[in-house]
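Peer 1: For reference, the chains in residue letters:
Number of protein chains: 2
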Amino acid sequence: MIRIGIYGYGNLGRGVELAIKQNEDMKLVAVFTRRDPKNVKLVDPSVAVYHADDALKMTNEIDVMILCGGSATDLPKQTPFLAKYFNVVDSFDTHAKIPEHFANVDSASKEGGKVGLISVGWDPGMFSLNRLMANCILVDGNDYTFWGKGVSQGHSDAIRRIEGVKNAKQYTVPVEKALQAVRNGENPTLTTREKHTRECFVVAEDGADLNRIENEIKTMPNYFADYDTTVNFISEEEFIKNHAGIPHGGSVIRSGKTGENHENKHVIEYKITLDSNPEFTASVIVAYARAAYRLNCEGAVGCKTVFDIAPAYLSPKSGEELRKNLL
Amino acid sequence: MIRIGIYGYGNLGRGVELAIKQNEDMKLVAVFTRRDPKNVKLVDPSVAVYHADDALKMTNEIDVMILCGGSATDLPKQTPFLAKYFNVVDSFDTHAKIPEHFANVDSASKEGGKVGLISVGWDPGMFSLNRLMANCILVDGNDYTFWGKGVSQGHSDAIRRIEGVKNAKQYTVPVEKALQAVRNGENPTLTTREKHTRECFVVAEDGADLNRIENEIKTMPNYFADYDTTVNFISEEEFIKNHAGIPHGGSVIRSGKTGENHENKHVIEYKITLDSNPEFTASVIVAYARAAYRLNCEGAVGCKTVFDIAPAYLSPKSGEELRKNLL
Chain A
1 MIRIGIYGYG NLGRGVELAI KQNEDMKLVA VFTRRDPKNV KLVDPSVAVY
51 HADDALKMTN EIDVMILCGG SATDLPKQTP FLAKYFNVVD SFDTHAKIPE
101 HFANVDSASK EGGKVGLISV GWDPGMFSLN RLMANCILVD GNDYTFWGKG
151 VSQGHSDAIR RIEGVKNAKQ YTVPVEKALQ AVRNGENPTL TTREKHTREC
201 FVVAEDGADL NRIENEIKTM PNYFADYDTT VNFISEEEFI KNHAGIPHGG
251 SVIRSGKTGE NHENKHVIEY KITLDSNPEF TASVIVAYAR AAYRLNCEGA
301 VGCKTVFDIA PAYLSPKSGE ELRKNLL
Chain B
1001 MIRIGIYGYG NLGRGVELAI KQNEDMKLVA VFTRRDPKNV KLVDPSVAVY
1051 HADDALKMTN EIDVMILCGG SATDLPKQTP FLAKYFNVVD SFDTHAKIPE
1101 HFANVDSASK EGGKVGLISV GWDPGMFSLN RLMANCILVD GNDYTFWGKG
1151 VSQGHSDAIR RIEGVKNAKQ YTVPVEKALQ AVRNGENPTL TTREKHTREC
1201 FVVAEDGADL NRIENEIKTM PNYFADYDTT VNFISEEEFI KNHAGIPHGG
1251 SVIRSGKTGE NHENKHVIEY KITLDSNPEF TASVIVAYAR AAYRLNCEGA
1301 VGCKTVFDIA PAYLSPKSGE ELRKNLL
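Those protein sequences? They're chains A and B, same order as listed.
If you read the first sequence in the working numbering, its first letter stands for residue 1, the second for the next number, and so on.
If you read the second sequence in the working numbering, its first letter stands for residue 1001, the second for the next number, and so on.
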């Protein structure tokens, strides 16, 4: 049994708890939180909840610590700190800061003789992996990533900060026409506006100026101004009924050419459709936690990403079984 | 520069020659053939062509030998034989015999201190990889593989063996309704007939009995009897004009559930659409040839499959570059 700890218990941490239950070779040992442990309710109440400060007391009881904090402020500190004492997996997703995060985790993991696996999930994660592999196969080609239809937490938060907004959810939606052109191998050049639209569902406070809210959303720089945005005002009941979930998904597509005269077109698409973004992300993370543990058992140390993990390490099955049944 | 040899020069060998041209860190050193080398015309006439018997004279000039023979009789002998002297990559695709082939290549590669990479291409190959990864992520789920629309060489050959048939091409076509049900996460149970249809384009000899030919095709056991098959008789001109290519493709789909009450559905699809089956297969093989070479340089020996290769080994770029630009 691989003994897992969860560090941070929000949507992702809960998803990790559920994913561990689906994997028979794993056991959740403890959850660590910065809140009062008494106030954290797990799916399985028999699992211990400790304060985050007590994590280092458990270095002998935990094979892999899965970090479920945010990329903005939590993970840049937490992952390097814990990587010295545990094999760790995180889902750090601030693309521009990955090289710096990698370096910090690498030195900590090496110091502790552990494996630190960063930026695991679907983007970065499975999407990155598919970008890399498709690039290596179709050398002469173009990459496209479409996100959605799905909830952008950041954009939903931005709407909620507007005066008079009680609740809001924003869906990022790929433009079907653009998606079809890419799938046909037409290699279009697409602007931001041509790739995605943004659909907002807003619950306004009583008496709020709806025109002002709609205008503030549509003109918000970085978040909405560069997109075709639609704003729908709905009741609280409708919001709870139809917009409670956290679905997401998207496609990574590469189209390329081969042949003596580049006459043959090929398209590779990796597409995911997810009812629950955090539960899917957690499922990816848990598979990679197995890999981190097994690699460390074999003597590997230091920071790694999905690029560095041979796929067989993700599976509890033997190489023989995999070759016989899945190759 | 990674120095490549090609052993066997048919459609796949030609595809490998073209793929090497797209990769700046590789060089094609020589092609080996069992035919008279004078009769083998390469895309690049400046590359040397030798008789297959002379391959072992070139052990110092070739870093990776890519085997492009058939799985029925060529590769079971050729790959273990050459694996003792070269790093090798093959596309062995007789699923049932992979364990035996693996064992033979493994002992030869280990004896020679080389890496032998088998069953590389798209199925087995990229499809296997996606089956494995999707299984590890969505533990509670179902697998589906759809092939096509594309040319089945084996089925086309079977039609050509019928008396009165001058030429023929058979397309395997996924049933759109089944594909949609799978993509919707409905987890249907599908019979052979419900998953694929078979479309045949046949050029008959003058005066041949078309009804007999059509009946022989549609009732052929193993090949056609279990499918809804359509037979189209066409002229030689139309055959040459519309059916000269070797397109193929398909989808590997896994749908699964997560959540406290299995309430969240997820679908992962890996889909390829190929104008040229052999050129795409060759492009995959060439990327894995890079991995075989690099692994052997690091001291790895023995037989491996796509399951054993960390994706970063497929790319000529450094880990730093990959993390910065593709993660």
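Mixed in with the good hints, there may be bad ones.
Calculated lysine-lysine pairs in the DSS-like style (CA-CA distance at most 27 Å, straight line) [stated by the list, open to error]:
| # | chain 1 | residue 1 | chain 2 | residue 2 |
| --- | --- | --- | --- | --- |
| 1 | A | K77 | B | K1218 |
| 2 | A | K324 | B | K1077 |
| 3 | B | K1218 | B | K1195 |
| 4 | B | K1324 | A | K97 |
| 5 | B | K1257 | A | K27 |
Derived CB-CB ranges, DEER-like [unchecked claim]:
| # | chain 1 | residue 1 | chain 2 | residue 2 | range |
| --- | --- | --- | --- | --- | --- |
| 6 | B | D1143 | A | K41 | 55 to 61 Å |
| 7 | A | Q153 | B | E1186 | 27 to 33 Å |
| 8 | B | E1321 | A | R161 | 35 to 41 Å |
| 9 | A | Q153 | B | A1244 | 30 to 36 Å |
| 10 | B | A1096 | A | A48 | 45 to 51 Å |
| 11 | B | A1096 | A | K27 | 51 to 57 Å |
| 12 | A | Q153 | B | T1219 | 21 to 27 Å |
| 13 | A | P99 | B | P1316 | 37 to 43 Å |
| 14 | B | A1096 | A | S235 | 57 to 63 Å |
| 15 | A | E236 | B | N1261 | 21 to 27 Å |
| 16 | A | D228 | B | K1041 | 53 to 59 Å |
Keep in mind that the hints were calculated from the coordinates and are not lab data.
Everything numeric in this text was worked out from a predicted model, so none of it was measured.
Quick reminder that beta carbons are idealized off the backbone N, C-alpha and C, glycines included.
Peer 1: Each hint should be assessed against the structure and marked as holding or not.
Peer 2: Each hint tested on the structure:
1. A:K77 x B:K1218: With a Cα-Cα distance of about 66 Å, the restraint between K77 (chain A) and K1218 (chain B) is violated, given a limit of 27 Å.
2. A:K324 x B:K1077: OK: K324 (chain A) and K1077 (chain B) at ~20 Å, within 27 Å.
3. B:K1218 x B:K1195: Roughly 17 Å separates the two Cα atoms, so the pair holds.
4. B:K1324 x A:K97: Status holds; Cα separation ~9 Å.
5. B:K1257 x A:K27: holds (20 Å)
6. B:D1143 x A:K41: 55 to 61 Å: violated (35 Å)
7. A:Q153 x B:E1186: 27 to 33 Å: Given about 29 Å between the Cβ atoms, the range holds.
8. B:E1321 x A:R161: 35 to 41 Å: The hinted range 35 to 41 Å holds for E1321 (chain B) and R161 (chain A), with Cβ atoms some 37 Å apart.
9. A:Q153 x B:A1244: 30 to 36 Å: Violated: the Cβ-Cβ distance is about 51 Å, outside 30 to 36 Å.
10. B:A1096 x A:A48: 45 to 51 Å: holds (48 Å)
11. B:A1096 x A:K27: 51 to 57 Å: Once the Cβ atoms are compared, 36 Å apart, the range 51 to 57 Å for K27 (chain A) and A1096 (chain B) is violated.
12. A:Q153 x B:T1219: 21 to 27 Å: About 58 Å separates the Cβ atoms of Q153 (chain A) and T1219 (chain B), which means 21 to 27 Å is violated.
13. A:P99 x B:P1316: 37 to 43 Å: Violated - the Cβ-Cβ distance for P99 (chain A) and P1316 (chain B), about 19 Å, lies outside 37 to 43 Å.
14. B:A1096 x A:S235: 57 to 63 Å: holds (60 Å)
15. A:E236 x B:N1261: 21 to 27 Å: holds (25 Å)
16. A:D228 x B:K1041: 53 to 59 Å: holds (54 Å)
In summary, the numbered hints that this structure violates are 1, 6, 9, 11, 12 and 13.
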